[in-house]
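K.L.:
Protein chains in written order, with the working numbering: chain A, 1 to 406; chain B, 1 to 204.
It should be emphasised that the hints constitute simulated quantities derived from the structure, not laboratory data. Don't take every hint at face value.
[Stated by the list, open to error] Covered, in the sense of this in silico footprint (three residues per stretch, anywhere, with C-beta under 8 Å from a C-beta of chain A), are these stretches of chain B:
1. 51-63
2. 68-74
3. 139-153
Every value quoted in this text rests on a predicted model; they were computed, and no experiment measured them. Just so it is clear, CB atoms sit at the ideal spot from N, CA and C, and this is done for glycine as well.
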Amino acid sequence: MREFRFHKSFEDELAKKADQFSMQPSSRLWDGVESGLNKGAAVKARIKLAGIGSGITLIALLAILIWRNNDHSTSKALGDKGVLPPTSLNIPAELQQQSAPAPVIPGIEQSEKNTSIPSAVKTIKAEGSIASIPSKEQASSQNRMESSSIAYNRFHIDKPELNPGKGNKQNYRIKSQNYTDGWNLMVQAGANYNYRNLNTANPYADEVKSTRDRTDRYLAGLAINARVRYFWSERVSFSTGINYRQTGERIAIQEADTSPYYNALFNEYHYSEKSVYRPGQTTTFTNRYHQIEIPLMIHFSRTIHGRLGVSSGIGLAAVYSFSNHYKLYDYRVYHYATAPIFLRNFNLALQGQLMAEYRLNSRFMLQAGIDASYNMLSTYADYYPINQKQYSVGGMLGVQWRFKGQ
Amino acid sequence: MTVRNSRLSQPIVRSMRDEVSLIKACIQQNRAAQKKLYELYSPKMLGVCYRYAASKEEAEDMLQEGFIRAFQKLDTFRFQGSFEGWLRRIIVNTAINILRKYQNLKYECDIESAGNTPAASGDAITSMYTKEVIELIRALPNGYRTVLNLYAVEGYSHREIADMLGINESSSRSQYTRAKTLLTKRLEELEAFGVKDHAGISLP
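Build out the structure end to end from the sequences listed, making use of the hints.
P.N.:
Following this line, the structure appears as structure tokens:
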């Protein structure tokens, strides 16, 4: 028998022994698998919903922008070039011979020097009516009407702003009271309070959760936003851009925390060679996550009094944690470590803002208010037994500037 | 993967038709079917994880994560070949990923010294209890253990191991030689103490 076995290879015998080996898993392991499957399905559903929601919002936003641009460009085309080329007009000879300077009508371009067609005629062209050509009296009457319209606007509206050169009285863009038409640049910065919600994905981590719930502390951070904001109407606007946000929490392991699993978990996941718990000592981890966010928000604005208004916004943000640092305080020595790989890099956040807005002038606006963000996915990867969702609430100051040429 | 150890893929489920219908029910997210599949394969797969892990708790974490991944990817199983082999590959890959992420796999090995390895035969292993052999494998340093498991037990080539672990092919070879040397030495020591697998006697 011994001789027969002599020629068996090392690998074959090892594989055979390994294949014979089996172990009975603990009874609660299936619970972990099941909760992981449920969680995965829920996360997929949430991501799908968020994706659909973002897609619909984006498509709606793009559709609105395209629609509005087309509307403006049509007006511009009418104003600048007319409905029909001048040669196609049947202009009476007496009108063609007129050489008197054209009356100055706001909104009419005066640059076409080589044409002998009076400006009044161009006004008619711009309005799309070529059925009849007005006389000088009719043209001046039109001028008077438009002047009175401007006077009316000046009287009733805080500060009307005329856009000459568009060739159509509909293009007298009288700004709304909020001075928030079109595209704006918004820069905000503030300090925030950061903490987390903990849930356990399997029963093993319950002990860790209870200990952390007792000893964890909040962490202060900061947030900076740079966004463009498009006003669809006086009250509704959309914003997108880039945010930087620091989140995190402080984990303290104290003398009373003698849970072996607690230690094992931290030792395993924080690359610590030694036990993080030592009798008589408190070990503190400062977990700070640095996030870059791309938000898409919808804002609702309302004027409260005079120049003061309020704006509330809600939206979703794609979040990328680009650098995470763990600061470990142990035996009065600070250690910095980069993040373990089990941290999730991409996340999705639900964000909201409530800002008071004060108009300085027709372009600048000051903002102050509250900014909040809640990460919808765990800070940790799915296989980590603790589900930790970061949230951040803070004060924010900002300035908004309306782009020129609108 | 080079399937050198074809005997590793012996079906656990007796009827192939039963297994196929069970897998199809699992693909449709039938929890009862998933639990049944888990109960069928988890003891054997935990044995696989145990060879890679430092503790039973870690092995159970690997198993849990591996089964979650397997159920999530089950729709990619083409019903060609053994399901156990497919599941085993996912479990092993999960174990390797977890080891790579959480542990500092140490591959320090002196290639020159690793070259002086006595030729090892399977005789010492054959005469050992299964549990003893597994514990001997687990007593090896992380890096050695991983390479030994992947090459000798799972049947991966050194090239594949190098790709999986992010090391050189030569490093994988030297790791394996070193692991084999260490294991053979310990087997011989145990054999000298008379620990042998006697016919008709099984461990509890």
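K.L.:
Now look at each hint and say whether the structure bears it out.
P.N.:
Evaluation of the provided hints:
| no. | hint | verdict |
| --- | --- | --- |
| 1 | 51-63 | holds (count 8) |
| 2 | 68-74 | holds (count 3) |
| 3 | 139-153 | holds (count 5) |
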